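Turn these sequences into a full structure, and let the hints guide you.
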Amino acid sequence: DTAVSQTPKYLVTQMGNDKSIKCEQNLGHDTMYWYKQDSKKFLKIMFSYNNKELIINETVPNRFSPKSPDKAHLNLHINSLELGDSAVYFCASSPPGQGRAQHFGDGTRLSIL
Amino acid sequence: KNEVEQSPQNLTAQEGEFITINCSYSVGISALHWLQQHPGGGIVSLFMLSSGKKKHGRLIATINIQEKHSSLHITASHPRDSAVYICAPYGTASKLTFGTGTRLQVTL
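Heads up: the sequence lines are chains A and B, in that order.
Under my numbering, think of the first position of the first sequence as 193, with each following residue one higher.
Under my numbering, think of the first position of the second sequence as 6, with each following residue one higher.
Don't take every hint at face value.
Pairs of lysine to aspartate or glutamate, DMTMM-like flavour, derived with a Cα cap of 25 angstroms [stated by the list, open to error]:
1) LYS232/A <-> GLU8/B
2) LYS100/B <-> GLU245/A
3) LYS100/B <-> GLU10/B
4) LYS100/B <-> ASP298/A
5) LYS228/A <-> ASP298/A
6) LYS233/A <-> GLU10/B
7) LYS58/B <-> GLU10/B
8) LYS232/A <-> ASP86/B
9) LYS214/A <-> ASP277/A
10) LYS236/A <-> GLU10/B
11) LYS60/B <-> GLU72/B
12) LYS211/A <-> ASP262/A
13) LYS233/A <-> GLU8/B
14) LYS228/A <-> GLU8/B
15) LYS259/A <-> ASP230/A
16) LYS100/B <-> GLU72/B
17) LYS232/A <-> GLU72/B
18) LYS201/A <-> ASP222/A
19) LYS201/A <-> ASP298/A
20) LYS59/B <-> GLU72/B
21) LYS233/A <-> ASP86/B
22) LYS60/B <-> GLU10/B
23) LYS228/A <-> GLU10/B
24) LYS100/B <-> ASP230/A
25) LYS100/B <-> GLU250/A
26) LYS228/A <-> GLU216/A
27) LYS211/A <-> ASP230/A
28) LYS100/B <-> ASP222/A
29) LYS100/B <-> GLU216/A
30) LYS236/A <-> ASP262/A
31) LYS236/A <-> GLU8/B
32) LYS58/B <-> GLU22/B
33) LYS100/B <-> ASP277/A
34) LYS60/B <-> ASP277/A
35) LYS263/A <-> ASP222/A
36) LYS228/A <-> GLU250/A
37) LYS263/A <-> GLU245/A
38) LYS259/A <-> ASP222/A
Keep in mind that the hints were calculated from the coordinates and are not lab data.
In this text, all values refer to a predicted model and were calculated from it rather than measured experimentally.
Spelled out as structure tokens, the structure:
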């Protein structure tokens, strides 16, 4: 009974392609996040949604488009993939309220050839 | 300069040693996360704290909001504690800002 699940776990594709990463949480949390971890292992927030509404958008290129069909799902679509998009992408969720503990998915390793 | 500084960046300890990882931050925060990332890549939340001290098993986390400093202690360290430990304060708009992590290796 995985709490935050991401698919796929690995994604290898060519430059210029469009791809999606899916995230689902069964914790009943209101807030979901996408993070990017670069090759130096540095984590940075990309997006946050609260009850299907975008609340954080951290100057991410327009090629990245999050979509939240319901509060249990937050998918990430990436257009025209570039070499610099190679990274591990983590989805997370947290319950409502300030400063609540976040639960992370296992990550999706995206490799651009 | 990063808003969140951790020290040390790398730490090697022998099994049984007491370990301390420090985190200093420059942003105003409401709470602070300590996270653990295992070699396999998964991230686990260890603590969320906004004041004082929390203990879970062999792990202890402390925070001093006025001094903008937090520490993570591991007592009686074990090789299975080998991981990257990441400090992540909650700043404005419930946004986490991440430290660069401390890579801990515990040897037998």
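Hint compliance check: list the failing hint numbers for this structure, sorted ascending. The structure breaks hints 17, 34; every other hint is satisfied.
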